[in-house]
Amino acid sequence: MNDLIELLNEKQKQAVLSESQFSLVLAGAGSGKTKTLTTRIIYLIEELYVNPRNILAVTFTNKAANEMKERVCSYSQKDLPLTVKTFHSFGAYILRLEASLAERNQYFQIYDDDDSKKLISEIIKKFDIAKSNLGTIKSWISKYKQCLEDYSKMEYKDQTYLEIYKRYNKALKDANCFDFEDLLLQPVKIFSNYEEVLKKYQRHYQYILIDEYQDTNLSQYQLIKYLVGQNNSLMVVGDEDQSIYRFRGADVSIILNFTEDFFGGEVIKLEENYRSTSNILNLANSVISNNKFRLGKELFTKGLDGDKIILFDCYDEEDEARKIISLILGEHLTYKDTAILYRINNQSRAFESILNKNKIPYTVVGSIAFYEREEIKDAISILKWLVNPQDKIAFERFVNKPVKGIGEKALVHFYEESQNFNNDLFVTMQNIDSVKNLTKKTKDGFIKIYEVFKDKESVIARKTVDELIDYYLDNLGLTEYFKTKDEKENTDKIANIKEFISSIKYKTSGLDTLLLFLEEFSLSASTLKDNGQNTGTVKLMTVHNAKGLEFENIFVSGMESDIFPHRNSIHDEEGLEEERRLFYVAMTRAKRKLFISFCNNRNSFGYMEQKDPSKFLYELKIDYLELKYLSKSAINTLGFKGNKTLSTNFLKKINFQIGDFVRHKDYGTGKIINIKEKNGKNLVTVDFLDYSLMDFVLEFTKLEKLSDR
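Per this note's numbering, the very first residue in the sequence shown carries number 7; after that it's consecutive.
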């Protein structure tokens with residue numbers, strides 16, 4: 007154990023050896039948080055003799071959970087009964103054990119995003135709502151569950167949406183299914199309503215560790231609050247400066263309020279960075295220090311200063327793409343070590359076009375996941391329905407492939423009759439003659455399906471998961487169906503199915519194995535997008551997709567107002583701070599070289615639109631910048647004078663700094679985003695919440711300074 011401890015710096019040691027009941031480890035980007043968290047778990051087991059069964063570690067990705075458990079077990083050289091799960095997989099684990107308390111049985115299945123949308127689309131047909139509103143309603147339902155069904159917390163309140171919500175939940179219950187938000191909401195409800203059940207889990211998980219705490223939402227937070235009783239130990243690891251998932255319900259105030267929620271909690275700051283050069287860190291620090299909602303830390307490295315960060319402007323997005331490619335080639339940057347980051351997905355088009363023209367290999371990270379393909383989802387739907395014959399959404403994926411004459415109206419009659427059989431579609435097919443208004447052809451179609459599944463229990467008992475997929479695809483006619491599609495449409499559906507089958511690691515048969523596989527698949531498939539590990543290619547990705555990754559060379563593109571920060575966040579203080587955190591995340595992905603670019607014009611819906619530089623560029627400290635590629639007009643716009651920043655004397659003389667909050671008698675409160683000298687006068691640009699950007703000559707304007715930045 008001492009050998010591991012000696013590899014840590016002083017702050018990491020403090021975290022690992024902490025005796026506090028509650029502790030928050032503020033772990034900056036590249037500060038070795040995974041090593042610290044893993045060593046803490048090993049320390050609990052090896053030195054404090056904590057039973058591994060009594061430890062719960064929660065992460066945000068399956069990859070992180072698997073890596074953490076592998077590291078701990080590797081050190082101990084045995085397979086420890088340690089619980090390391092994502093929030094959703096832990097919620098699913100609780101529900102599998104307590105299913106009856108949530109009005110389901112233990113064979114429930116988990117709906118993915120597509121399944122939920124299909125169910126909602128069926129429900130809104132009964133309302134006078136256009137299908138174009140489907141995404142909005144789905145988002146509303148997700149948010150409502152994330153805020154624990156607290157209607158007062160909903161920005162948009164609509165009684166029709168509430169009625170849709172009730173019908174949606176009833177349909178989920180009838181199908182013996184949960185959606186993803188239920189995996190958190192339902193355990194919280196169980197803990198709230200059944201005290202003895204809660205105490206059972208509190209006794210079991212005496213030591214709780216949470217990773218990426220800055221990304222927790224209200225339902226995750228409430229789950230933690232319930233689990234942490236008077237005698238439980240809690241350590242959370244996170245970085246408020248990397249909280250970038252507000253759109254998913256993450257609430258940065260949860261990490262900011264840790265010491266209030268868990269009284270007497272210790273705060274340990276990991277500020278030494280092992281990833282980036284000093285210039286990159288100093289530039290990132292200069293930007294993030296403008297945020298008010300933070301606990302405060304400053305990253306540093308004992309490594310080299312490194313190259314200064316290259317800032318350059320471009321005529322438009324095509325010019326930006328050309329310049330970035332020229333820099334990749336001119337600086338001899340290795341493709342596999344280089345990533346181009348952007349704020350929104352459609353920015354990738356210009357880069358893809360220029361990369362193709364230059365025959366440079368690239369990968370768009372986060373593109374359609376392998377497991378989201380039609381043929382894979384069809385195969386999975388068969389397995390889901392095998393264990394849960396109440397699942398209409400799974401049934402509908404394969405019922406008419408190939409065509410069996412089972413149309414939409416026939417399914418309506420079929421589902422109506424299924425209510426007499428506890429919504430069990432298999433039993434309903436057994437009694438197909440009792441279904442009214444079906445043609446002989448339609449009945450024959452249902453009978454064909456029933457014949458394939460009539461001995462499903464014995465098939466499940468003797469066949470492994472991969473054999474089950476093969477067996478049912480063949481017997482339902484789907485193998486031939488996909489072969490025909492491949493020939494007609496030049497697709498690779500059969501090849502994809504074969505690849506999928508070969509990847510399945512479960513080599514035992516039986517219902518328990520099938521349930522385990524389906525749960526693992528449902529919880530991981532939604533995150534299994536291309537992660538950029540393809541060797542030999544330049545990576546293109548949004549900044550959100552870059553979170554958790556690192557590259558030798560990073561290009562942060564499109565740093566323009568209305569894009570980065572996004573137009574939806576410009577007049578929202580919390581949103582603007584999240585956009586600044588997003589920029590901070592982008593910069594701290596770089597290990598050696600960092601490039602930042604912006605366009606003076608950008609094509610928008612067929613029109614060339616003049617763009618202003620992002621307000622975040624005004625927060626960059628020139629000491630860490632290389633301006634040789636920056637135009638003179640951009641230097642003037644950003645307030646840079648050649649290779650010097652605004653003089654300290656100038657700033658002292660006017661008693662204002664970029665980032666100061668000020669009040670104007672007519673325009674109210676605003677924030678200074680730029681200061682420059684013009685014709686011997688002092689010109690400041692102020693961002694007012696209600697009036698956008700305004701320029702003032704200080705000699706002729708009275709501004710009241712409200713605070714230091």
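Possibly wrong hints are sitting among the right ones.
Stated by the list, open to error - Here are the simulated PhoX-like cross-link-like pairs (lysine-lysine), alpha carbons at most 20 Å apart as the crow flies:
1. K124 <-> K159
2. K124 <-> K489
3. K504 <-> K383
4. K205 <-> K179
5. K415 <-> K447
6. K342 <-> K123
7. K627 <-> K638
8. K41 <-> K69
9. K179 <-> K144
10. K124 <-> K176
11. K446 <-> K415
12. K383 <-> K489
13. K449 <-> K415
14. K383 <-> K365
15. K308 <-> K410
16. K123 <-> K41
17. K454 <-> K442
18. K342 <-> K410
19. K91 <-> K308
20. K363 <-> K410
21. K163 <-> K179
22. K124 <-> K91
23. K682 <-> K638
24. K69 <-> K123
25. K638 <-> K314
26. K19 <-> K446
27. K491 <-> K449
28. K491 <-> K407
29. K41 <-> K597
As the list claims (entries may be wrong) - Distance ranges between label pairs, derived from CB positions:
30. L140 <-> V56: 23 to 29 Å
31. H577 <-> K137: 48 to 54 Å
32. N481 <-> I11: 37 to 43 Å
33. G516 <-> L140: 34 to 40 Å
Since the hints were made in silico from the structure, they are not lab data.
Here the structure is a predicted model, which means the values were calculated and not measured.
C-beta atoms are modelled at their ideal positions from N, C-alpha and C, and glycine is treated no differently.
Do the hints match the structure? See the list:
1. Between K124 and K159 the alpha-carbon distance is near 26 Å, which puts this suggested pair outside the 20 Å criterion.
2. Between K124 and K489, the direct Cα distance comes to roughly 26 Å. Violation of the 20 Å bound is thereby established for this hinted pair.
3. The straight-line distance between the Cα atoms of K504 and K383 is roughly 14 Å, inside the 20 Å bound, and the hint therefore holds.
4. With a CA separation close to 27 Å, the supplied pair K205 and K179 exceeds the 20 Å bound.
5. Restraint check for K415 and K447: satisfied, since their Cα atoms lie roughly 14 Å apart, inside the 20 Å limit.
6. Only pairs whose Cα atoms come within 20 Å are accepted, and K342 paired with K123 is rejected, the gap being roughly 37 Å.
7. At roughly 18 Å between alpha-carbon atoms, K627 and K638 fall within 20 Å of each other, so this suggested pair holds.
8. Between K41 and K69 the alpha-carbon distance is near 15 Å, which keeps this suggested pair within the 20 Å criterion.
9. At roughly 17 Å between alpha-carbon atoms, K179 and K144 fall within 20 Å of each other, so this suggested pair holds.
10. The straight-line distance between the Cα atoms of K124 and K176 is roughly 15 Å, inside the 20 Å bound, and the hint therefore holds.
11. Taking the CA atoms of K446 and K415, the gap is near 14 Å; set against the 20 Å cutoff, the hint holds.
12. Note on K383 and K489: the hinted pairing holds, with a Cα-Cα distance of about 16 Å set against a maximum of 20 Å.
13. Between K449 and K415 the CA atoms are separated by roughly 13 Å; this keeps the pair inside 20 Å, and the hint holds.
14. A hinted pair counts as satisfied when its Cα atoms are at most 20 Å apart, and K383 with K365 does not qualify at roughly 34 Å.
15. Restraint check: the Cα-Cα separation between K308 and K410 comes to about 69 Å, which exceeds 20 Å; the hinted pair is violated.
16. The suggested pairing of K123 with K41 is violated, with an alpha-carbon distance near 39 Å, which exceeds 20 Å.
17. With a CA separation close to 18 Å, the supplied pair K454 and K442 stays within the 20 Å bound.
18. Our distance criterion of 20 Å between C-alpha atoms is broken by K342 and K410, whose separation comes to about 49 Å.
19. Taking the CA atoms of K91 and K308, the gap is about 34 Å. The hint is violated against a cut of 20 Å.
20. Among the hinted pairs, K363 with K410 is inconsistent with the structure: their alpha-carbon atoms are about 47 Å apart, more than 20 Å.
21. Simply put, K163 and K179 have alpha-carbon atoms about 24 Å apart, too far for the 20 Å limit, and the pair is violated.
22. At most 20 Å may separate the alpha-carbon atoms for a hinted pair to count; K124 and K91 exceed this at roughly 28 Å.
23. The suggested pairing of K682 with K638 holds, with an alpha-carbon distance near 15 Å, which does not exceed 20 Å.
24. Taken as a hint, the K69 and K123 pair is broken in the structure, with Cα atoms around 27 Å apart against an allowance of 20 Å.
25. A hinted pair counts as satisfied when its Cα atoms are at most 20 Å apart, and K638 with K314 qualifies at roughly 19 Å.
26. For a cut-off of 20 Å, the pair hint linking K19 to K446 is broken: about 74 Å separates their Cα positions.
27. Distance check on the hinted pair: K491 and K449 sit about 26 Å apart at the alpha-carbon level, beyond 20 Å; violated.
28. With a C-alpha separation of about 12 Å, the suggested pair K491 and K407 falls inside the 20 Å cut-off, and the hint holds.
29. Note on K41 and K597: the hinted pairing holds, with a Cα-Cα distance of about 19 Å set against a maximum of 20 Å.
30. Checked against the hint of 23 to 29 Å, the pair L140 and V56 fails, with Cβ atoms roughly 48 Å apart.
31. Checked against the hint of 48 to 54 Å, the C-beta distance between H577 and K137 comes to roughly 31 Å, which is inconsistent with it.
32. Between N481 and I11 the C-beta distance comes to about 58 Å, which lies outside the given range of 37 to 43 Å.
33. For the pair G516 and L140, the beta carbons lie near 38 Å from each other, so the given range of 34 to 40 Å is met.
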